[in-house]
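Novice: Turn these sequences into a full structure, and let the hints steer you where they fit.
2 protein chains.
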Amino acid sequence: MKENKENAVISKATIDRLPLYYRTLKLSQEEGIEIISSEELGRKIGVTPEQIRKDLSAFGEFGKKGVGYYVRELMRNIGEILGLNRTWNIAIVGVGHLGWALANYANFSPQGFQLRAIFDIDPEKIGRYINEVEIFHIDTMNEIISARDIQIGIITVPADHAQNIADRLVEAGIKGIWNFAPIKIDVPPNVHVISEDLSVGLSSISYYISRQH
Amino acid sequence: MKENKENAVISKATIDRLPLYYRTLKLSQEEGIEIISSEELGRKIGVTPEQIRKDLSAFGEFGKKGVGYYVRELMRNIGEILGLNRTWNIAIVGVGHLGWALANYANFSPQGFQLRAIFDIDPEKIGRYINEVEIFHIDTMNEIISARDIQIGIITVPADHAQNIADRLVEAGIKGIWNFAPIKIDVPPNVHVISEDLSVGLSSISYYISRQH
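Those protein sequence lines, which keep their order, are chains A and B.
Counting from 1, one number per residue, gives the positions in the first sequence under our numbering.
Counting from 1, one number per residue, gives the positions in the second sequence under our numbering.
Worth flagging that the hints you see were computed from the coordinates, not collected in a lab.
Do not rely on the hints blindly, as some may be mistaken.
Where chains are identical, the list cannot tell them apart; a pair therefore holds if satisfied intra-copy or between any two copies.
Stated by the list, open to error - Straight-line C-alpha distance at most 25 Å; calculated SDA-like pairs for lysine to any residue:
1. LYS184 <-> ILE35
2. LYS26 <-> ALA103
3. LYS44 <-> ASP167
4. LYS184 <-> GLU31
5. LYS12 <-> GLY201
6. LYS12 <-> SER37
7. LYS125 <-> GLU73
8. LYS64 <-> PRO189
9. LYS26 <-> ILE183
10. LYS44 <-> ALA159
11. LYS54 <-> ILE36
12. LYS44 <-> PRO189
13. LYS26 <-> ASP55
14. LYS12 <-> GLY46
15. LYS125 <-> GLY60
16. LYS184 <-> GLU196
17. LYS184 <-> GLU39
18. LYS125 <-> ALA103
19. LYS184 <-> ILE36
20. LYS26 <-> ILE194
Specialist: In structure tokens form, the structure reads like this:
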């Protein structure tokens, strides 16, 4: 649980849905849709219109009764809530296949996430560039993260190195960690960790297919 | 909304949380935890204990009052609900950086997802193997998907090719699609699509960091 500016308690479930709202509004805007009802927005995301109205009411008054939400305005508002109205500097630690793919992922920078550094321990990789971003030795993490004002670290090292990397990132001053290693990592309470398990997406698909038989 | 065997309506939000429960129970089991309370499980996932009890009650009776949930038993039950008590054959379409990373992702097969084929159009890539799985030309999709009994397709092609690939996968008999292309794809109602936007994870982190200042 987290408190917003008005001290209302906002559940983690609500916060997890905001990026989905943001993303769906963005796709709608790209389709030329200017106004969207909570029913239509809910249908696209797979939540009830009541849930959407409840989620958004926690942050203020959006939309007009009988009209719907103004797509661009709601998108901007949710973007502000999510902190997407600014640039975040990110770093990737671990240049395996996944680190490589994430370093090349085209959809981060339009959302304001700028890759500023990549770290590894392999001498073959250090000094090279992926999309104009340099790969540094992890021993230089403290200086680089500080000098480049990096706030978010992405961990794509093997599971048995993940906690050590998390400790180093925290020591270097990182405020948020996106962990792709299949292990729980411990950090101080002022650092926020999201653990990503790509097989979660597949599990949801297998549920729906199973139910059809 | 989807109906379970007993015809109770189960929300998509509940279904989306089940893989998180499953994953957290699995990590708990690996830590040697045999019994877990809904409070502890909720703390690890970031949802309320009431939500967990409500979600699980939709599928039957789990756990004992005053004792908690038996980790292994609950994991097996949720695994069955999610269709993880069997093997699913999957295919990846598009061998860019992300397709390559997913083909090498180690965490799918322990969950029962077996990569059986990879498709691309690049003559340089066709006939090669990633982790013993062959890369085929997409024109052979119908035969390969049928012969290898592939149920789930993963789309990692550029956005402007995603709908065409989705159409081909559906025609080939696929039942579920995991779409990484940043575009909405349309499929018949009997095919289930999950669209993945990796920047959603970062948006959630930026929310929490923003709120701390």
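Novice: Classify it for me, LYS12 with GLY201: is the Cα-Cα distance of at most 25 Å met within a copy, between copies, both or neither?
Specialist: both (19 Å within a copy, 13 Å between copies)
Novice: As a check of your reading, is LYS54 near ILE36 (CA-CA no more than 25 Å) within one copy, between copies, both or neither?
Specialist: within (16 Å within a copy, 31 Å between copies)
Novice: What label fits LYS125 with ALA103 when the C-alpha limit is 25 Å: within, between, both, or neither?
Specialist: For LYS125 and ALA103, the Cα distance is within 25 Å both inside one copy (14 Å) and across copies (22 Å).
Novice: At most 25 Å between C-alpha atoms: does LYS184 with GLU31 qualify within a copy, between copies, both, or neither?
Specialist: Answer is between; shortest inter-copy Cα gap is 10 Å, intra-copy 39 Å.
Novice: Given a CA cutoff of 25 Å, do LYS125 and GLU73 count as a within-copy pair, a between-copy pair, both, or neither?
Specialist: Answer is neither: 44 Å inside a copy and 45 Å across each miss the 25 Å cutoff.
Novice: At most 25 Å between CA atoms: does that hold for LYS44 and PRO189 within a copy, between copies, both, or neither?
Specialist: between (35 Å within a copy, 13 Å between copies)
Novice: Cα distance capped at 25 Å. Does LYS44 pair with ALA159 within a copy, between copies, both, or neither?
Specialist: Between copies only: 18 Å across chains, 35 Å inside a chain, cut-off 25 Å.
Novice: State whether the alpha carbon distance between LYS64 and PRO189 is at most 25 Å within one copy, between copies, both, or neither.
Specialist: neither (39 Å within a copy, 31 Å between copies)
Novice: Could you figure out if LYS12 and GLY46 sit no more than 25 Å apart (CA to CA) within one copy, between two copies, both or neither?
Specialist: both (18 Å within a copy, 6 Å between copies)
Novice: For LYS26 vs ASP55, is the C-alpha pair at or below 25 Å within one copy, between two copies, both, or neither?
Specialist: within (18 Å within a copy, 30 Å between copies)
Novice: Could you figure out if LYS26 and ALA103 sit no more than 25 Å apart (CA to CA) within one copy, between two copies, both or neither?
Specialist: Intra 23 Å, inter 29 Å, cutoff 25 Å: intra-copy only.
Novice: Given identical chains, is LYS184 near ILE35, meaning Cα to Cα at most 25 Å, within a copy, between copies, both, or neither?
Specialist: For LYS184 and ILE35, the Cα distance is within 25 Å only across copies (18 Å; inside one copy 41 Å).
This entry does not satisfy hints 7, 8, 15, going by the numbered hints stated previously.
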